[in-house]
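Place chain G on chain B using the hints.
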Amino acid sequence: MIQKFDAIIVGAGPAGCACAFKLAQGGLSVLVIERGKFPGAKNMWGGAFFGPGLGELLPNFWSEAPVERYIARRKISLLSREDCLTVDFSSHKYSQSPYEGFILLRSKFDRWFANKVQEVGAIVASGLQADDVIRQDGKIVGIKAGSDQILADVVIACDGVNSILAQKAGLRGEIKPTEVKQGVKEVLRFSRKELEQRFNLTGDGGLSWEFVGACTGGLPGGGFIYTNKDSLSVGLVVQLNALAEKQVRATDLLEGFKQHPAIAGLLEGGKLIEYSGHLIPVSGIGMMPGLYANGFLVAGDAAALVIGTGLILEGANFAIASGIAAAETVMKAKEKNDFSAGSLAYYQKLLEKSFVLKDLKTFKKAPHFLENQRIYTIYPEFACNLAEKLFASDGKPRKRAWHILTESMKGRVSLSQVAQDIIKAKEAI
Amino acid sequence: MNQIRIEDKLAVNKYDIDRDVHIKFDESICRNCDRHPCLYICPAVCFKLGEGHIIFSYEGCLECGSCRIVCTKKAIDWRTPRPSFGICYEFG
Numbered sequence: 001m002i003q004k005f006d007a008i009i010v011g012a013g014p015a016g017c018a019c020a021f022k023l024a025q026g027g028l029s030v031l032v033i034e035r036g037k038f039p040g041a042k043n044m045w046g047g048a049f050f051g052p053g054l055g056e057l058l059p060n061f062w063s064e065a066p067v068e069r070y071i072a073r074r075k076i077s078l079l080s081r082e083d084c085l086t087v088d089f090s091s092h093k094y095s096q097s098p099y100e101g102f103i104l105l106r107s108k109f110d111r112w113f114a115n116k117v118q119e120v121g122a123i124v125a126s127g128l129q130a131d132d133v134i135r136q137d138g139k140i141v142g143i144k145a146g147s148d149q150i151l152a153d154v155v156i157a158c159d160g161v162n163s164i165l166a167q168k169a170g171l172r173g174e175i176k177p178t179e180v181k182q183g184v185k186e187v188l189r190f191s192r193k194e195l196e197q198r199f200n201l202t203g204d205g206g207l208s209w210e211f212v213g214a215c216t217g218g219l220p221g222g223g224f225i226y227t228n229k230d231s232l233s234v235g236l237v238v239q240l241n242a243l244a245e246k247q248v249r250a251t252d253l254l255e256g257f258k259q260h261p262a263i264a265g266l267l268e269g270g271k272l273i274e275y276s277g278h279l280i281p282v283s284g285i286g287m288m289p290g291l292y293a294n295g296f297l298v299a300g301d302a303a304a305l306v307i308g309t310g311l312i313l314e315g316a317n318f319a320i321a322s323g324i325a326a327a328e329t330v331m332k333a334k335e336k337n338d339f340s341a342g343s344l345a346y347y348q349k350l351l352e353k354s355f356v357l358k359d360l361k362t363f364k365k366a367p368h369f370l371e372n373q374r375i376y377t378i379y380p381e382f383a384c385n386l387a388e389k390l391f392a393s394d395g396k397p398r399k400r401a402w403h404i405l406t407e408s409m410k411g412r413v414s415l416s417q418v419a420q421d422i423i424k425a426k427e428a429i
Numbered sequence: 001m002n003q004i005r006i007e008d009k010l011a012v013n014k015y016d017i018d019r020d021v022h023i024k025f026d027e028s029i030c031r032n033c034d035r036h037p038c039l040y041i042c043p044a045v046c047f048k049l050g051e052g053h054i055i056f057s058y059e060g061c062l063e064c065g066s067c068r069i070v071c072t073k074k075a076i077d078w079r080t081p082r083p084s085f086g087i088c089y090e091f092g
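Residue numbers (the numbering used here), protein chains in the order written: chain B, 1 to 429; chain G, 1 to 92.
Since the hints were derived computationally from the structure, they do not count as laboratory data. Take these hints with a grain of salt, some might be off.
[What the hints assert, rightly or not] Okay, derived cross-link-like pairs now, EDC-like style, lysine to aspartate or glutamate, Cα gap no bigger than 16 Å in a straight line:
1) Lys73(G) with Glu174(B)
2) Lys229(B) with Asp8(G)
3) Lys108(B) with Glu90(G)
4) Lys37(B) with Asp16(G)
5) Lys389(B) with Glu371(B)
6) Lys74(G) with Glu174(B)
7) Lys37(B) with Glu90(G)
8) Lys271(B) with Asp8(G)
9) Lys37(B) with Asp8(G)
10) Lys193(B) with Asp252(B)
11) Lys48(G) with Asp204(B)
12) Lys246(B) with Asp26(G)
13) Lys271(B) with Glu245(B)
14) Lys389(B) with Asp83(B)
So that you can see chain G by itself, here it is in the shape it has in the complex:
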């Protein structure tokens, strides 16, 4: 079967997207990070590299907690979306 792009994978999921960004990160720490593990460990690829800085889009977040664990520089203030918001699995 054809490869499916991450955007198309996330597009079939059901989300109730909150108006607030639930995961915050300290850009000054990210700027001095040479590895950026967040780019690879997010199953929804919410972290992307812009021009010299990290771009984070929270809408597709699967709330797995990988970014919180892998960011050993502690740049990420990990929270889940407000109750009822965020990913809403229909199959799971």
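With the rest of the complex left out, here is chain B:
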């Protein structure tokens, strides 16, 4: 017998689960399929999550979700080879409900979210992979999964950055190496007490710490440390084409990063319990595929809905918001019983009205701007150099800050070049 659902969602990540939750809550019959052994088995991220989108579906989700810690402090460091200049920020708002952000691990979080989806009546089938779409009269009417054929009024591809389904649906071509960053991460275990002492954490508060500069060997990208409950995540995000061109491996850069004097002592003695890797679509609106077709929608990383401005790299919140917008579109289409591309175009309108496409448009020049190597080489070095000289008390006559700055720039970068970069930064980020 061939089954038919109102909606099939491919991929039980944040986009897929948000979409399924909303649809099932609205009374539609929903099947979520997930190729991993369980939701989250194939997924990783750095660890920081900003949750207004999820709060819309599950108010106070943090009280029951497997949150490692709420983010109590944020640090950003500029690294030269051996030195480190840090901005350390904590706000009283960070430690109060509704919290600004959380540190979560995907394997636990996705499983929890998928359970919530099942609680509202959707079916989540793990260990099932969509190999292709089924077409009938120019419309997508279901999916092929192994020897199974499953039909639905609409298929929503939430199958991540490598989205095979969006490709099969003809909405996107090949991804270019310049359009993605590679993330690699290690999870290191400590005792909870040890971790809290090392990072000055109290209660369930955690630290989100990002790095720019020597951690990526000067390649476009950055580093991160997030404190989990009794472990920490340390990793790097690096432009994929830069790894290929410079012939360096992200795993080797990560080993170098862990040896940096600013963090080596903090990581000492941590026991490696997992190593993971993943791609992040970072070219924003420039790489966004078509978002809809007859009987078909694309959400989350599959639609490249990720924003990177250098200071932030955020995808999960966008995934959830796009999943919710896809669900609202499908419910509206269901009322009219019209799942044509014309009807589903409402999805794009919703995203254009929300922060999702507004943010991507605001920062549309950011991906290109962030390819500027000076951001990862000369500027962090300047910053560290300037700090070192400003703080120096070496018995020699002191110089004014401006003099120190211009002196260290000599022969490396011109003032006009810096001015141009600042103007570009103003437009891009």
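Positioned in the frame of chain B, the structure of chain G alone reads:
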């Protein structure tokens, strides 16, 4: 802390290794490739250079898709392992 070799990193991960190799590549294309970006972009270092040819071991694959994107010569037929097989993150 001491540097960790890639083999030791992968050894702590949980995998359900399929009997079939999920990523295939066309060696005749690789032989004529002068850059071999696959050697550098795989986070699990699944691609290694043998004597004049590429050696690929699929067991440690993290299923990220980097090789598929970076091999612009289209030597790689990229697939994920069969459902439930392959990497199984416990933390992620």
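Hints and how they fare:
Distance hint between Lys73(G) and Glu174(B) is fulfilled; the C-alpha atoms sit about 13 Å from each other, no more than 16 Å. With a C-alpha separation of about 24 Å, the suggested pair Lys229(B) and Asp8(G) falls outside the 16 Å cut-off, and the hint is violated. A distance of roughly 7 Å separates the Cα atoms of Lys108(B) and Glu90(G); the hinted pair therefore holds under the 16 Å criterion. Restraint check: the Cα-Cα separation between Lys37(B) and Asp16(G) comes to about 9 Å, which is no more than 16 Å; the hinted pair holds.
With a C-alpha separation of about 29 Å, the suggested pair Lys389(B) and Glu371(B) falls outside the 16 Å cut-off, and the hint is violated. A C-alpha spacing of about 11 Å is found between Lys74(G) and Glu174(B), which places the hinted pair at or below 16 Å, so the restraint holds. Of the pairs offered as hints, the one joining Lys37(B) and Glu90(G) holds, with about 11 Å between alpha carbons and a cut-off of 16 Å not exceeded. For the suggested pair Lys271(B) and Asp8(G), the alpha carbons sit about 12 Å apart, so the restraint of at most 16 Å is met.
Our distance criterion of 16 Å between C-alpha atoms is broken by Lys37(B) and Asp8(G), whose separation comes to about 24 Å. As the CA atoms of Lys193(B) and Asp252(B) are separated by approximately 30 Å, the hinted pair breaks the 16 Å bound. A hinted pair counts as satisfied when its Cα atoms are at most 16 Å apart, and Lys48(G) with Asp204(B) does not qualify at roughly 43 Å. Restraint check for Lys246(B) and Asp26(G): not satisfied, since their Cα atoms lie roughly 24 Å apart, outside the 16 Å limit.
Taking the CA atoms of Lys271(B) and Glu245(B), the gap is near 32 Å; set against the 16 Å cutoff, the hint is violated. About 12 Å separates the Cα atoms of Lys389(B) and Asp83(B), which keeps this hinted pair within 16 Å; it holds.
Checked against the numbered hints above, the structure breaks hints 2, 5, 9, 10, 11, 12 and 13 and satisfies the rest.
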